[in-house]
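There are 2 protein chains.
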Amino acid sequence: MVRLAKVIVKPDQLEQYKAMLKEEAEVSVRIEPGVLTLYAVSEKENPTHFTILEIYADTAAYRAHLQTRHFIDYKTGTKNMVKSLELVETVPLIPEMQIKQDSAALRLTK
Amino acid sequence: MVRLAKVIVKPDQLEQYKAMLKEEAEVSVRIEPGVLTLYAVSEKENPTHFTILEIYADTAAYRAHLQTRHFIDYKTGTKNMVKSLELVETVPLIPEMQIKQDSAALRLTK
Chain X
1 MVRLAKVIVK PDQLEQYKAM LKEEAEVSVR IEPGVLTLYA VSEKENPTHF
51 TILEIYADTA AYRAHLQTRH FIDYKTGTKN MVKSLELVET VPLIPEMQIK
101 QDSAALRLTK
Chain H
1 MVRLAKVIVK PDQLEQYKAM LKEEAEVSVR IEPGVLTLYA VSEKENPTHF
51 TILEIYADTA AYRAHLQTRH FIDYKTGTKN MVKSLELVET VPLIPEMQIK
101 QDSAALRLTK
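If you read the sequences in order, they're chains X and H.
In terms of my numbering, the first sequence has 78 at position 78, counting the first letter as 1, and numbering is strictly consecutive.
In terms of my numbering, the second sequence has 77 at position 77, counting the first letter as 1, and numbering is strictly consecutive.
Just to be clear, a hint being listed does not mean it is correct.
The list treats identical chains as one, so a pair stands whether inside a single copy or across any two.
[What the hints assert, rightly or not] Mimicking DSSO-like on lysine-lysine, the simulated pairs with C-alpha atoms at most 30 Å apart in a straight line are: (1) 100 to 75; (2) 18 to 83; (3) 22 to 79; (4) 100 to 6; (5) 75 to 18.
Calculated directly from the structure, the hints in this document are not laboratory data.
Go ahead and model the full structure; you've got the sequences and the hints to work with.
Structure follows, in structure tokens:
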């Protein structure tokens, strides 16, 4: 299951939002084996515009993710920071060309 | 260097475009060490809308990529298939949380 989340954040909430998204992405990839990738970028020319590439092992892994404490904390904590959110279901062009996020590196930075 | 390429393809050229993008992405990741990721998705509801997450080791790797035969073949070959192209420079939220595309899997499928 591969999705793009497109998030626009309120400018005065940008730093707080980034801190919360960082925490959520790090914890998810580190402790949820079914969360294969949560790779977030912001646009250089529009720093409040984020795109998150989300790859889940399957829909069960995605549903489990929605029930985690860290996701719920992120979702409720950022509710008033987000100006708009678009979730775009996608199809990978080359399913066998997988990407894997390096959660080992995360542990080193803790 | 992390970028999003947003491509909209002419509907009647969709299959030909996908074949050319597949070839280009596969070859680039397989033979160019500086091309860390070329991960392309199309939108389920708008199959002609592609987003490509492009991660290059540095700008030198990107410039070298532009000179490769496979990139030039893709660029010239798809010129008339593309309705619009937007290149968005981005900043990764968590630079140390790298992703790596699995080019070993590609060799198995060849």
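Verification of the hints:
no., hint, in the structure
1, 100 to 75, "both (24 Å within a copy, 27 Å between copies)"
2, 18 to 83, "within (14 Å within a copy, 34 Å between copies)"
3, 22 to 79, "within (15 Å within a copy, 38 Å between copies)"
4, 100 to 6, "both (21 Å within a copy, 22 Å between copies)"
5, 75 to 18, "within (13 Å within a copy, 35 Å between copies)"
Checked against the numbered hints above, the structure violates none of them.
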